[in-house]
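**Q** Dock chain X against chain H, hints included.
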Amino acid sequence: MSGSIKNHIRRLRFEAGEITQEHLAQRAGATRQTIISLEAGKYTPSLELAFRISRALNAKVEDVFEWLG
Amino acid sequence: MSHNTRLFLVDLVALLIVLGLYLGPDFGGSWLGGILVFAAIGATLYGWILLHRRLGDTRSLNEQLSGIGLVFVAAITLSFFWGLHQLGWQTDLNEPGTRALGWNAVTLLIGYWILSAVIEQQQRGLLGAGGEAMEDERDRDINARAASVGYTALIIGVIALIMIIKIAAGSTFVGREIPLFDTPINIAHALIGVLLLATLIECATEVWLYRRDAVGAEDDAADAADAPKVKA
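Going down the list, the sequences are from chains H and X. If you count by our numbering, then the first sequence holds residues 84 to 152, one letter each, in order. If you count by our numbering, then the second sequence holds residues 731 to 962, one letter each, in order.
One chain only, chain H, in its complex shape (with noise of 0.2 Å):
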């Protein structure tokens, strides 16, 4: 499930001025055990999550996750 969408949020993290896993997560209201497993690219998150982490790093969604197809 997890192998066909791609995301950029630890390079989005370090551009948005260095945030760390556990303040974007308290912005996204999840834990930072998901941020870490999203970004180890082990967890698919939902559409709702997904636009929460985009607006949480002042991003799109489509600039934040990636459809591999």
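Bear in mind the hints are in silico, worked out from the structure with no lab data behind them. Since we're looking at a predicted model, the values are computed, not measured. Using N, Cα and C, we set each Cβ at its ideal position, and we do this for glycine too. There may be inaccurate statements among the hints.
[What the hints assert, rightly or not] A few chain X residues that face chain H, going by a derived Cβ cut-off under 7 Å, partial list only:
id: 1; residue: Ser790
id: 2; residue: Asp866
id: 3; residue: Glu867
id: 4; residue: Arg868
[As the list claims (entries may be wrong)] Per label pair, the in silico range of CB-to-CB distance:
id: 5; chain 1: X; residue 1: Leu817; chain 2: H; residue 2: Phe134; range: 25 to 35 Å
id: 6; chain 1: H; residue 1: Glu149; chain 2: X; residue 2: Arg942; range: 46 to 56 Å
id: 7; chain 1: H; residue 1: Glu98; chain 2: X; residue 2: Ala805; range: 47 to 57 Å
id: 8; chain 1: H; residue 1: Leu130; chain 2: X; residue 2: Leu817; range: 25 to 35 Å
id: 9; chain 1: H; residue 1: Trp150; chain 2: X; residue 2: Ala805; range: 38 to 48 Å
id: 10; chain 1: H; residue 1: Ser87; chain 2: X; residue 2: Ala874; range: 19 to 29 Å
id: 11; chain 1: H; residue 1: Trp150; chain 2: X; residue 2: Glu850; range: 27 to 37 Å
**A** Using the frame of chain H, we list chain X on its own:
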């Protein structure tokens, strides 16, 4: 002795007290025994609460609860089946310790469920006030999948038990009658055993699902720890 070592020892002693009470003399129906069991479980979980901030660097609260739940349920299950083994897999209400066998297992299991629920609610309030999410969709997904596996195991176990009772009743094995499930107390103990095994499978599934997704978490946690902390 460091603070964490002392907490670990408190935790260990409390666990040993729980197991000692369980494996010890028959205290089924005794108010004092019941209070001691609940106090020991409470002390164990309290020790863990004090440690959980350190564990929180790499594990969510739900993951920590699933880990300690697996240890607790494994200890209770082991004690229960060891008790049954000691009684020769035959339970008679006139035998000392028989009444306490199932009572102790169920009491410990219910005690753990109640206390973990109380602690979860308490921590939800504390962490929620700090802006940190206690659980999210990933936790809920893992909980639901583990519960599904647990319920499936329970249903299979109960069906298997019914089939064994039907097949075993009055049948013989190597010329001897199978007396395993010939009394209500034996059937009750078999049902408790199935419940414990299903709960153990559920806890193990939950821990496995969390660990499966945790590859590389330690590196990222260290990375985050190096970064400046944001105050809530």
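**Q** Could you run down the list of hints and mark each one as holding or not?
**A** For each hint, the structure was consulted:
Taking 7 Å as the C-beta cut-off, the interface hint given for serine 790 of chain X holds, the closest approach to chain H being about 4 Å. Interface restraint check for aspartate 866 of chain X: the shortest CB-CB distance to chain H comes to about 4 Å, inside 7 Å, so the restraint holds. Contact between glutamate 867 of chain X and chain H, as hinted, is supported at the beta carbon level, the nearest pair being about 5 Å apart and thus within 7 Å. For arginine 868 of chain X, the interface hint holds, the least distance from its beta-carbon to any beta-carbon of chain H being 5 Å, beneath 7 Å.
Taking 25 to 35 Å as the suggested C-beta distance range, the pair leucine 817 of chain X and phenylalanine 134 of chain H does not conform, at roughly 58 Å. Between glutamate 149 of chain H and arginine 942 of chain X the beta carbons are some 23 Å apart, a value that contradicts the proposed interval 46 to 56 Å. At roughly 48 Å, the beta-carbon separation of glutamate 98 of chain H and alanine 805 of chain X lies within the given 47 to 57 Å, and the hint holds. A hinted range of 25 to 35 Å for the beta carbons of leucine 130 of chain H and leucine 817 of chain X is inconsistent with their spacing of about 55 Å.
Between tryptophan 150 of chain H and alanine 805 of chain X the Cβ separation comes to about 46 Å, which falls inside the hinted range of 38 to 48 Å. As the Cβ distance of serine 87 of chain H to alanine 874 of chain X is approximately 22 Å, the hint placing it in 19 to 29 Å holds. Restraint check, tryptophan 150 of chain H to glutamate 850 of chain X: a C-beta distance of roughly 36 Å satisfies the suggested window 27 to 37 Å.
When each numbered hint is compared with the structure, violations occur for hints 5, 6 and 8.
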